[in-house]
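Enquirer: Counting along the sequence shown from 1, when you hit position 17 you're at 17 in UniProt numbering, and nothing is skipped either side.
Think of the hints as simulated: they come from the structure by calculation, not from any bench.
Computed from a predicted model, the values in this text were never measured in an experiment.
Treat the hints with caution; some may be incorrect.
What the hints assert, rightly or not - So the derived label-pair ranges between C-beta atoms look like this: (1) 137 x 50: 18 to 26 Å; (2) 78 x 56: 17 to 25 Å; (3) 129 x 49: 13 to 21 Å; (4) 186 x 53: 41 to 49 Å; (5) 129 x 178: 22 to 30 Å; (6) 19 x 174: 31 to 39 Å; (7) 147 x 174: 49 to 57 Å; (8) 174 x 11: 22 to 30 Å; (9) 91 x 189: 42 to 50 Å.
Note that beta-carbon positions come from the ideal geometry of N, C-alpha and C, so glycine has one too.
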Amino acid sequence: MGKVFDPSLILEFIPTLVKYLGVTLEILVASIFLGTIIGIAAAIPKLFHIPIVKQLVTIYISFIRGTPIIIQLFLVFYGLPAVLSIINIDISRMDALYFVVITYSLSNGAIFAEIFRGAISAVEFGQTEAAYSIGMTPFQNFTRIVFPQAIRVAFPNIANTVIGSLKDTSLAFTIGVMDMMGRGETIIAATAHALEVYIALSVVYYGVVLILEKGFKVFEKYANRYQGTDTSVA
Numbered sequence: 001m002g003k004v005f006d007p008s009l010i011l012e013f014i015p016t017l018v019k020y021l022g023v024t025l026e027i028l029v030a031s032i033f034l035g036t037i038i039g040i041a042a043a044i045p046k047l048f049h050i051p052i053v054k055q056l057v058t059i060y061i062s063f064i065r066g067t068p069i070i071i072q073l074f075l076v077f078y079g080l081p082a083v084l085s086i087i088n089i090d091i092s093r094m095d096a097l098y099f100v101v102i103t104y105s106l107s108n109g110a111i112f113a114e115i116f117r118g119a120i121s122a123v124e125f126g127q128t129e130a131a132y133s134i135g136m137t138p139f140q141n142f143t144r145i146v147f148p149q150a151i152r153v154a155f156p157n158i159a160n161t162v163i164g165s166l167k168d169t170s171l172a173f174t175i176g177v178m179d180m181m182g183r184g185e186t187i188i189a190a191t192a193h194a195l196e197v198y199i200a201l202s203v204v205y206y207g208v209v210l211i212l213e214k215g216f217k218v219f220e221k222y223a224n225r226y227q228g229t230d231t232s233v234a
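With the sequences and hints as input, model every part of the structure.
Expert: Right, dumping it as structure tokens:
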């Protein structure tokens with residue numbers, strides 16, 4: 001049973017929790033960066049209908065979208081060392097932070113793959129035909145015609161994925177990573193003031209989300225500066 005609610009502790013706990021915000025942001029940045037690479041690689045077989053690889057990517061995306069992130073986290077944390085031990089590779093002592101980054105990278109990669117595929121498919125193919133008709137190479141067509149339009153279409157979903165991933169990082173503590181949530185759990189164990197800690201955590205997370213949303217809106221406005229209308233980040 002927790003102690004009597006003390007509002008003053010909320011302000012006391014916030015600075016302590018913010019000290020571990022760097023770990024949370026490290027997980028977020030690394031997983032978004034690697035997830036983007038995975039997403040692009042996974043989108044290509046679906047866009048160009050590459051046999052076998054397309055089916056494998058479809059299964060990967062379906063599995064990620066159909067299972068909770070915490071299950072994926074435990075599968076990577078316990079499963080990857082078990083699989084690699086078969087070929088005499090021991091990663092059982094690897095820092096838990098790396099397992100978290102791997103998990104969230106794979107998760108974000110599946111989401112980004114569908115975002116990129118949908119955004120690129122949304123660009124009218126007639127523009128590609130027009131680009132080829134004036135002598136553009138496929139690379140020039142993609143970088144000058146397709147990509148600038150696709151990124152505007154994809155950006156709101158990318159922004160929402162980043163914000164969702166930030167909130168998902170709160171599960172990292174379940175495998176021993178000392179991020180903000182992990183530090184919060186240790187404070188609860190030491191003080192028994194759970195409500196105050198969770199309110200403090202919510203304030204910090206919400207503050208970071210507001211900053212991200214503001215940054216995304218500024219970038220989106222810049223990206224759509226030559227468009228008649230733009231879409232807002234949800």
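Enquirer: All hints are to be evaluated individually against the structure, with a verdict given for each.
Expert: Going through the hints against the structure:
1. 137 x 50: 18 to 26 Å: Given about 21 Å between the Cβ atoms, the range holds.
2. 78 x 56: 17 to 25 Å: holds (23 Å)
3. 129 x 49: 13 to 21 Å: holds (18 Å)
4. 186 x 53: 41 to 49 Å: For residue 186 and residue 53 the Cβ distance comes to about 45 Å; the hint holds.
5. 129 x 178: 22 to 30 Å: violated (54 Å)
6. 19 x 174: 31 to 39 Å: Given about 20 Å between the Cβ atoms, the range is violated.
7. 147 x 174: 49 to 57 Å: violated (38 Å)
8. 174 x 11: 22 to 30 Å: Distance hint for residue 174, residue 11 holds at roughly 27 Å.
9. 91 x 189: 42 to 50 Å: Given range 42 to 50 Å: violated, Cβ gap about 29 Å.
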